[in-house]
Amino acid sequence: MRLDLFNTSAFRLSVGYTLLVTLALGVTLGSTYLLTESLITDEVDLIIGSELKSLQDRFSRSGLAGVTDEINLRIDSWGRIGAVYMLADSNFERIAGNVTHWPFDGMPTEARPEFEIETIEPGRRAVHPVRAAVRTLPGGDLLLVGTDISQGRRFAEKFRMATLGGIGLSALVAALAGFWFSYRLARRVGEVASTCQRIIAGEPGRRLPVGGTNDEFDALAVSVNHVLDRLEEQAGTLRATFESTAHDLRAPLHRLRTRMDALLLRSPPLETPVRESIESALHEVDRLQRTLSTLLQIALAESGTPLAAPAAVDVGQLAAELVELFEPVAGAQGLRLDCRNDSAAVVRGNRQLLAQLLTNLIENAVKYVPSGGRIEVAVRRLGDRVRLSVSDDGPGIAAADRARAGQPFVRFGAAAKHEGSGLGLSLVAAIARLHRGRLELESNEPGLRVVVELPA
Amino acid sequence: MHVLLIEDDTEAARFLVKGLGDRGYSVDHAADGREGLTRALAGTFDLIVTDRMLPHVDGLTIIERLRGKGIGTPVLVLSALGGVDDRVKGLKAGGDDYLTKPFALAELLARIEALCRRASAPQSTRLKVEDLEFDLLARRVTRAGREVELTTREMKLLEFLMRRAGQVVTRTMLLEGVWDLHFDPQSNLIDVHISRLRQAIDGGTDQPLIHTVRGSGYVLRSDG
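If you read the sequences in order, they're chains W and F.
Whatever position you read off the first sequence (first residue = 1), add 169 for this note's numbering.
Whatever position you read off the second sequence (first residue = 1), add 80 for this note's numbering.
It cannot be assumed that every hint is accurate.
[Said to hold, decoys possible] Cut-off 25 Å, straight-line C-alpha distance, at most; resulting in silico cross-link-like pairs (SDA-like, lysine to any residue):
| no. | chain 1 | residue 1 | chain 2 | residue 2 |
| --- | --- | --- | --- | --- |
| 1 | F | 169 | W | 472 |
| 2 | F | 172 | W | 211 |
| 3 | W | 327 | W | 421 |
| 4 | F | 172 | F | 216 |
| 5 | F | 98 | W | 421 |
| 6 | W | 536 | F | 268 |
| 7 | F | 169 | W | 375 |
[As the list claims (entries may be wrong)] Residues on chain W that point at chain F, a partial pick, calculated with CB under 10 Å:
| no. | residue |
| --- | --- |
| 8 | 307 |
| 9 | 308 |
| 10 | 424 |
| 11 | 476 |
| 12 | 591 |
The hints are simulated quantities; they were obtained by calculation from the structure and are not laboratory data.
In this text the structure is predicted, and so the values were computed from the model without any measurement.
We put the beta carbon where it would ideally sit given N, CA and C, even for glycine.
Construct the complete structure from the given sequences, taking the supplied hints into account.
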């Protein structure tokens with residue numbers, strides 16, 4: 170049996186697990202990224218803040234000229250790498266610094282405004298992002314201190330790529346692992362299911378495969394195999410018991426019958442009354458033998474012994490042949506017996522047993538339906554099932570009795586006055602079960618409809 | 081006709097030997113499988129009738145040994161195992177016919193007769209009994225030159241009877257041979273089919289060919 174992988178609980182579990190892994194990784198790595206980014210910015214802001222403070226101190230000690238000197242000094246010689254300064258008057262005109270013109274439209278509103286500057290480096294032009302702070306000096310001049318943050322940006326960019334890549338890769342690995350895991354699980358469970366189905370379908374000797382890895386599946390397989398061994402053993406014991414019973418009962422019946430036969434063949438012939446009573450005794454022996462055979466057949470079918478060597482049987486054709494066989498007898502009793510068939514109503518099973526099943530149903534109908542009645546045998550193909558039915562317009566069976574009708578020796582109503590063992594329907598039920606089908610009795614309004622559904 | 085009967089149930093065997101003897105068969109009786117096999121291999125018999133379950137060597141093994149030695153003598157298996165599978169197994173093992181105990185002596189006699197004659201019967205495509213002719217290829221049946229209308233099944237039934245003309249054919253043999261049904265329905269199905277066939281073949285003639293044999297079955301032959 171092949172399981173639909175996408176419909177297994179293992180698959181759903183792995184999908185859920187993959188989502189969970191992705192989410193957890195995303196939260197962890199995402200917050201690390203955000204934290205790192207804010208740490209970098211904080212450090213820049215700290216430097217800018219302290220430099221602003223030292224330049225403001227310088228202003229309060231030595232005025233505008235002092236600040237201008239300090240800025241020029243820092244630009245020219247020992248200033249830190251990437252530092253940006255500008256001193257401008259209240260009209261945003263440059264007084265000093267390494268920025269050529271005021272980078273904002275008037276006064277920026279943010280505490281730490283950002284802008285870009287172009288630098289001319291040997292051979293190429295480059296654009297650098299700058300994070301800055303602006304202070305208005307007493308007197309109305311403006312002091313701008315900034316830092317080239319392109320390196321931090323690059324670092325953050327790389328970090329972000331690494332984070333996203335890491336999350337993506339982990340999700341992919343988790344998904345692949347989950348897929349493989351659920352595929353393996355589905356395959357092993359599928360093996361168990363298909364083996365069980367084959368056993369039911371008539372291969373009692375099959376056992377679940379044991380991988381030898383001592384995992385939980387092996388433990389399950391070993392236990393199930395034990396159960397199967399026990400069942401097969403019991404079926405075998407039952408079968409042997411039935412067979413020896415059959416043998417032990419048939420042998421004396423056979424001797425009895427042979428003796429009576431020999432009496433009838435004696436010359437000179439027996440007197441008529443003696444011959445007639447022997448003949449009627451013979452008739453009883455035959456009935457007894459038939460009941461015995463039917464009982465044994467039911468017992469065998471119910472013992473769990475699967476059908477030996479099942480073959481394809483066209484039930485539609487079989488029904489047609491049996492209707493043709495029974496038609497003259499039915500006709501002689503004033504009954505109409507018809508057959509309606511679908512072509513290709515083929516089931517796997519035993520032709521003789523299926524013929525016996527149909528024969529019992531037709532015989533019952535012929536026996537109980539009064540003259541002038543109608544009997545219809547129908548075989549229909551319904552998807553993956555074959556439905557055979559024998560319907561009549563006879564006296565039928567009361568709804569309350571129908572459920573009991575398949576049990577051995579149950580006879581009621583009209584049946585009681587006919588000769589019969591009360592085993593006919595039990596055998597039908599047993600044969601149906603042996604073919605993994607079932608028997609149902611319905612009202613034909615009026616009359617009875619016996620339905621047997623078999624897997625095609 | 082020389083028949084070997086292998087049967088461990090001595091009482092049943094005694095009646096069978098007598099019954100067959102009354103019909104003109106000379107019967108050797110072996111009471112167990114080993115003796116049966118030795119006799120079967122040593123003697124020349126027209127037919128072997130063997131029980132299936134025997135002490136020492138069972139019936140199916142005897143058939144296997146015989147066939148292994150290239151001995152094709154027809155074998156009729158008697159068995160107290162009456163299941164559908166048992167029958168199939170018995171026939172697959174090389175048995176030519178299978179009869180479940182208990183059976184009527186008449187049934188056994190009819191089957192023995194059929195097996196003894198089968199060995200010599202040629203497979204012809206034109207069958208003829210008196211003025212009844214059946215051309216199997218043309219599917220045409222005539223009685224005294226006049227065409228007889230028959231259904232496919234009736235033709236099969238007639239062919240079965242004509243191939244065994246002069247032999248008693250039982251109802252079970254007809255069910256098996258014509259309808260391929262290996263169990264006994266309770267109704268007298270065959271009688272009605274035979275009477276229809278009889279109507280078609282013998283109706284309007286003063287020389288009936290299909291006769292009922294009391295307690296046994298039917299026979300197709302010219303004399304009454």
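Status of the hints after comparison with the structure:
no. : hint          : in the structure
1   : F:169 - W:472 : holds (20 Å)
2   : F:172 - W:211 : violated (95 Å)
3   : W:327 - W:421 : violated (98 Å)
4   : F:172 - F:216 : violated (29 Å)
5   : F:98 - W:421  : holds (19 Å)
6   : W:536 - F:268 : holds (12 Å)
7   : F:169 - W:375 : holds (22 Å)
8   : 307           : violated (116 Å)
9   : 308           : violated (118 Å)
10  : 424           : holds (5 Å)
11  : 476           : holds (9 Å)
12  : 591           : violated (13 Å)
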